[in-house]
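Chemist: Next come the chains, spelled out residue by residue.
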Amino acid sequence: DAGITQSPRHKVTETGTPVTLRCHQTENHRYMYWYRQDPGHGLRLIHYSYGVKDTDKGEVSDGYSVSRSKTEDFLLTLESATSSQTSVYFCAISRGGTTDTQYFGPGTRLTVL
Amino acid sequence: GENVEQHPSTLSVQEGDSAVIKCTYSDSASNYFPWYKQELGKRPQLIIDIRSNVGEKKDQRIAVTLNKTAKHFSLHITETQPEDSAVYFCAASISRSQGNLIFGKGTKLSVKP
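Chains as they are written, first to last, in the numbering used here: chain A, 114 to 226; chain B, 889 to 1001.
Note that these hints are calculated values from the structure, not bench results. Just so we're clear, the structure is a prediction, and the values are computed from it rather than from any experiment. The C-beta atom is built at its ideal place from N, Cα and C for all residues, glycine as well. Warning: the hint list may mix true and false statements.
As the list claims (entries may be wrong) - Far from chain B, some chain A residues (derived; all Cβ distances over 10 Å):
#1 Ser120
#2 Lys124
#3 Leu156
#4 Tyr177
#5 Leu191
#6 Thr212
#7 Gln215
#8 Thr224
Claimed, not checked - Dumping the calculated DSS-like pairs for lysine-lysine here, alpha-carbon to alpha-carbon at most 30 Å:
#9 B:Lys1000 to B:Lys956
#10 A:Lys170 to B:Lys925
#11 B:Lys930 to A:Lys124
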């Protein structure tokens, strides 16, 4: 499955705590993306990266930050988790931009109590 | 920005019948249209994609058609099988936008044996 892993796969946390999700790839793809998936909303882009230290916001970026210090790792941080951030988070990678195939990671199920 | 509408939200067919899922997009500059299949608890996986310079593309029992004038594209699955049961997502992106692959909200396809 395109050499993408996510950690943790499941996490339960409390409102107000910081949370960091990790996406790791072994494909050396330039582009990496974070999506959230909620019932009735499909997949929505949170942030993406087009290179090391190059990131930009997606359509639902409020409350999230990202960092990419190495090609293979893309971190998503919730500085102070809220219940509305309970979701399934998917990382994706692509060789080119968004007109190139995106491959998804296995997902992280996050529950904020 | 781009908006993608997907219909129907649920679709039930008998094994062996055909299934059609339709999507419309708003930005005439969109030029890449992938379709993803997501089985329960799994990651989305690309099943077929089409670019704006092509009107139709086939891969065995799956085909996608694109009407740029009407700004809609459709997924056709023939001779459906129970293993085709899943949620299907369409998406659209614009080459000038590095990060924005906009997804429809999904269609849950059920194939009854």
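Chemist: Grab the minimum beta-carbon distance between Gln215 of chain A and chain B and tell me whether it stays above 10 Å.
Modeler: violated, 6 Å
Chemist: With the threshold set at 30 Å, check whether the alpha-carbon distance from Lys170 of chain A to Lys925 of chain B stays at or below it.
Modeler: holds, 25 Å
Chemist: Please settle this one: Leu191 of chain A was flagged as non-interface, so is its CB more than 10 Å from every CB on chain B?
Modeler: Nearest chain B Cβ is 19 Å from Leu191 of chain A, so the label holds.
Chemist: Verify this label for me: Tyr177 of chain A is non-interface relative to chain B, using a Cβ-Cβ cutoff of 10 Å.
Modeler: The assertion about Tyr177 of chain A holds, with a minimum of 14 Å to chain B.
Chemist: Beyond 10 Å from chain B, beta-carbon-wise, is Thr212 of chain A?
Modeler: violated, 4 Å
Chemist: Regarding the pair Lys1000 of chain B and Lys956 of chain B, is the alpha-carbon distance no greater than 30 Å?
Modeler: Roughly 33 Å between the alpha carbons, so the hint for Lys1000 of chain B and Lys956 of chain B is violated.
Chemist: According to the definition I'm using, a residue is off the interface if its beta carbon is farther than 10 Å from all beta carbons of the partner; does Ser120 of chain A meet that for chain B?
Modeler: The assertion about Ser120 of chain A holds, with a minimum of 15 Å to chain B.
Chemist: Per the stated criterion, does the least C-beta distance between Thr224 of chain A and chain B lie above 10 Å, as a non-interface residue requires?
Modeler: At roughly 15 Å from the nearest Cβ of chain B, Thr224 of chain A sits farther out than 10 Å, so the non-interface label holds.
Chemist: Mind verifying the non-interface call on Lys124 of chain A? Its CB should be farther than 10 Å from each CB in chain B.
Modeler: Holds, because the least Cβ-Cβ distance between Lys124 of chain A and chain B comes to about 16 Å, which exceeds 10 Å.
Chemist: Take a quick look at whether Lys930 of chain B and Lys124 of chain A sit within 30 Å of each other, Cα to Cα.
Modeler: holds, 17 Å
Chemist: Verify this label for me: Leu156 of chain A is non-interface relative to chain B, using a Cβ-Cβ cutoff of 10 Å.
Modeler: violated, 4 Å
The structure does not agree with the numbered hints 3, 6, 7 and 9 stated previously, though it agrees with the rest.
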